[in-house]
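Participant: Sequence:
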Amino acid sequence: MRTLFADPKTDFVFKRIFGTEEHKPLLMALLNGLLELDEAHRVVEVELLSPEQRPQVQELKFSIVDVKCTDARGTHYVVEMQVLNVEGFEKRVVYNVAKAYTGQLGVGQTYPDLNDVIGVTICDFELWPYRESPRVPMLSRWRMQEQHGGARGLGQLQFVFLELPKYDASRPPRTAVEKWAYFFREAIHLRGVPEVLAERPFVDALEAARAAGFTEEEWDAYIRAGMAIQDERGALSLARKQGLQEGRQEGRQEGLQEGMQQGLRALRTALYELLRQRGLAPGPQEQARVEGCEDLGTLQRWLVQALSAASVTDALR
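Each residue of the sequence shown is one higher than the one before, counting from 159 in the working numbering.
Worth flagging that the hints you see were computed from the coordinates, not collected in a lab. Don't take each hint at face value.
Stated by the list, open to error - The following label-pair restraints were derived from C-beta to C-beta distances:
1) Arg475 to Gly266: 29 to 35 Å
2) Leu195 to Ser328: 26 to 32 Å
3) Gln314 to Glu194: 17 to 23 Å
Virtual Cβ for every residue (Gly too), placed ideally from N, Cα, C.
Starting from the given sequences, assemble the full structure and let the hints guide the process.
Facilitator: Structure representation (structure tokens):
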């Protein structure tokens, strides 16, 4: 049985809402809300870069979904929905924004032609947990700062993060930022349009996520996408538990070295199983590389990469 609204955190629905020409006003509203822009500086027009056809039945890669666009003033935006917290995530965000910045220069162009790039990332996890970084709020803004006097500058690259688990569910949402967080967190659980979202752009975003508007093929693709996310979470959890538990047990019984070997074997087994489930068969050279790896961190990285890699070579890069 279909829910009233599909989960906007999944790739299929996120791009349906924010990555199509039809719904560009919703993308502008999201940017204006999360960037907290006043009336004089609001985004009034965006152009989607490298437009992709939204697939009817083929799922996308499930952890990372991005929409790239530029506004009327030339500022570029990389808008991302990140479902899983994976190793090196912050570095990948910085890399994507830096790549969007340097990628503007074509043949014959000069540095003054470069426009600012802002990365807007919505995380379905705490990137900076309160217990470790209590001063980082749900919506955080990042840019370079001079370390002695505190002056801000070099604003060509900026970063905005919305950490959904930090939303305060003890009271109704009040600000635009809180309403967007509420929308992403709660849309799939709603049985109607709540009063706090009964205004534009939120009511329009809910309408775009309304499950009744999906064809049977689209709904099947959406369900498979959700199942794939759960599989990814399960694979990561299992590998970490097996590696740590077996490593600790063997470490107590036979010493730290043997415990490490148990952890390595568990990660290799999880990696092979994940590749098998995804229909990727490692060749002799690739299998020898996995068997010869003696670093837990490398095997964990390969396991994460295998979740969305198109080939075994990509998984083991």
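Participant: Which hint numbers doesn't this structure obey?
Facilitator: Those not satisfied: there are none.
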